[in-house]
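Build out the structure end to end from the sequences listed, making use of the hints.
From first to last, the protein sequence lines stand for chains A and B.
Quick note: the first sequence uses our numbering, first residue 17, plus one each step.
Quick note: the second sequence uses our numbering, first residue 17, plus one each step.
Honestly, the hints are just simulated from the structure, not real lab data.
A couple of the hints might just be wrong.
Unchecked claim - Output of the computed footprint for chain A on chain B, the stretches with three or more beta carbons under 8 Å from beta carbons of chain A: (1) 28-41; (2) 75-82; (3) 108-116; (4) 165-174.
Even for Gly, the Cβ is constructed at its ideal location relative to N, Cα and C.
There are 2 protein chains.
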Amino acid sequence: MNFSSKLLENAVTEFGKLPGIGQKTALRLVLHLLNQEHSQVSKFTESITVLKNNIKFCKNCHHISDAELCEICTSHKRDQSIICVVEDSRDIMAIENTHQYNGLYHVLNGLISPMDGVGPADLTIAQLVNRAENTDVKEIIFALSATMEGDTTIFYLNKKLNTENIKISTLARGIAFGGEIEYADELTLGRSITTRVPYQNSLTK
Amino acid sequence: MNFSSKLLENAVTEFGKLPGIGQKTALRLVLHLLNQEHSQVSKFTESITVLKNNIKFCKNCHHISDAELCEICTSHKRDQSIICVVEDSRDIMAIENTHQYNGLYHVLNGLISPMDGVGPADLTIAQLVNRAENTDVKEIIFALSATMEGDTTIFYLNKKLNTENIKISTLARGIAFGGEIEYADELTLGRSITTRVPYQNSLTK
Numbered sequence: 017m018n019f020s021s022k023l024l025e026n027a028v029t030e031f032g033k034l035p036g037i038g039q040k041t042a043l044r045l046v047l048h049l050l051n052q053e054h055s056q057v058s059k060f061t062e063s064i065t066v067l068k069n070n071i072k073f074c075k076n077c078h079h080i081s082d083a084e085l086c087e088i089c090t091s092h093k094r095d096q097s098i099i100c101v102v103e104d105s106r107d108i109m110a111i112e113n114t115h116q117y118n119g120l121y122h123v124l125n126g127l128i129s130p131m132d133g134v135g136p137a138d139l140t141i142a143q144l145v146n147r148a149e150n151t152d153v154k155e156i157i158f159a160l161s162a163t164m165e166g167d168t169t170i171f172y173l174n175k176k177l178n179t180e181n182i183k184i185s186t187l188a189r190g191i192a193f194g195g196e197i198e199y200a201d202e203l204t205l206g207r208s209i210t211t212r213v214p215y216q217n218s219l220t221k
Numbered sequence: 017m018n019f020s021s022k023l024l025e026n027a028v029t030e031f032g033k034l035p036g037i038g039q040k041t042a043l044r045l046v047l048h049l050l051n052q053e054h055s056q057v058s059k060f061t062e063s064i065t066v067l068k069n070n071i072k073f074c075k076n077c078h079h080i081s082d083a084e085l086c087e088i089c090t091s092h093k094r095d096q097s098i099i100c101v102v103e104d105s106r107d108i109m110a111i112e113n114t115h116q117y118n119g120l121y122h123v124l125n126g127l128i129s130p131m132d133g134v135g136p137a138d139l140t141i142a143q144l145v146n147r148a149e150n151t152d153v154k155e156i157i158f159a160l161s162a163t164m165e166g167d168t169t170i171f172y173l174n175k176k177l178n179t180e181n182i183k184i185s186t187l188a189r190g191i192a193f194g195g196e197i198e199y200a201d202e203l204t205l206g207r208s209i210t211t212r213v214p215y216q217n218s219l220t221k
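This is how it looks when you write it as structure tokens:
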């Protein structure tokens, strides 16, 4: 693209580094900001700066938090005996939105992926093992993506955790709500047949 | 959405104000920035602040520029006798990318739109009239959107400009390259038939 201003080009380049934002979208966003009041633009940039400088990660579960411990870990209403292991904070928000889970979480900050150079030491696995051994945990749920990396991570964690007294579970796989059977992939459809549930059970949701 | 941090919520809200960015995308962008180095994040915010504080608009054509006059207005290679009237700077970039135009521009900074409270006084119409009267302009091209607002603006400008010695033209309307006739709307197709061009002319592009 041909920019009439170096400053404009600079801002568009920076915006274009964000995931899913191409050059054209970046230009549209920058021109939008350029048309805003000065106060609005500084509110925008300050919200990012303040977030980056002051954000904390919960000491216990590594979730994004304003304090040393996050609201979930400090809540007395949550079941302290279940830990749901997730890849990042976004997964916690997604699960919280379902209102179907009332235990604690543990954020791994990624998945084991040798291809991307991410090994077990880069994740918060030691801390999870520590929590499993030193707190009164009865169940650990692996809520990780159904990908090669997710499966590898679950396999590794399962070996690492001393699971004698702890129940280990993973998310149910199957046809999604609203999913049409003819468009489901063979793996999912096959799994959903072999792990079929009694009709009465499927109603108690 | 349920945010675990006020700072995070704040940043997501600010990002969500950008056009075409919803809550989910905003969260993804903010979490991406959160995972970047401090230096990268300050580069991002500074590029916006510097742009907003230092950007200038060309005194002559109102295009975004780093200097008092933009590169197009100061160029000796451009044909000073043609002015192409556009809605905003993005249109200039689009036209420049075609490499088919070698004259000057004039940015209106919007279109007349009574519904949105935008009247002629909000645009740079007076400056355009001034340019048309005081410089040696032979042709003015209206490159405005083919919408109600665009047509209204062209109608108003045509009345305002003293067009005795100036040729006024608008963009050609018709079937777009790659466009299929069966999917073209009646208005466009009808116009493209009534304003059909000799086959030989259509080749000289």
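Quick rundown of the hints versus the structure:
1. 28-41: holds (count 9)
2. 75-82: holds (count 4)
3. 108-116: holds (count 4)
4. 165-174: With 0 residues closer than 8 Å to chain A, the region 165-174 of chain B misses the three-residue bar; violated.
In this structure, the one hint that does not hold is number 4.
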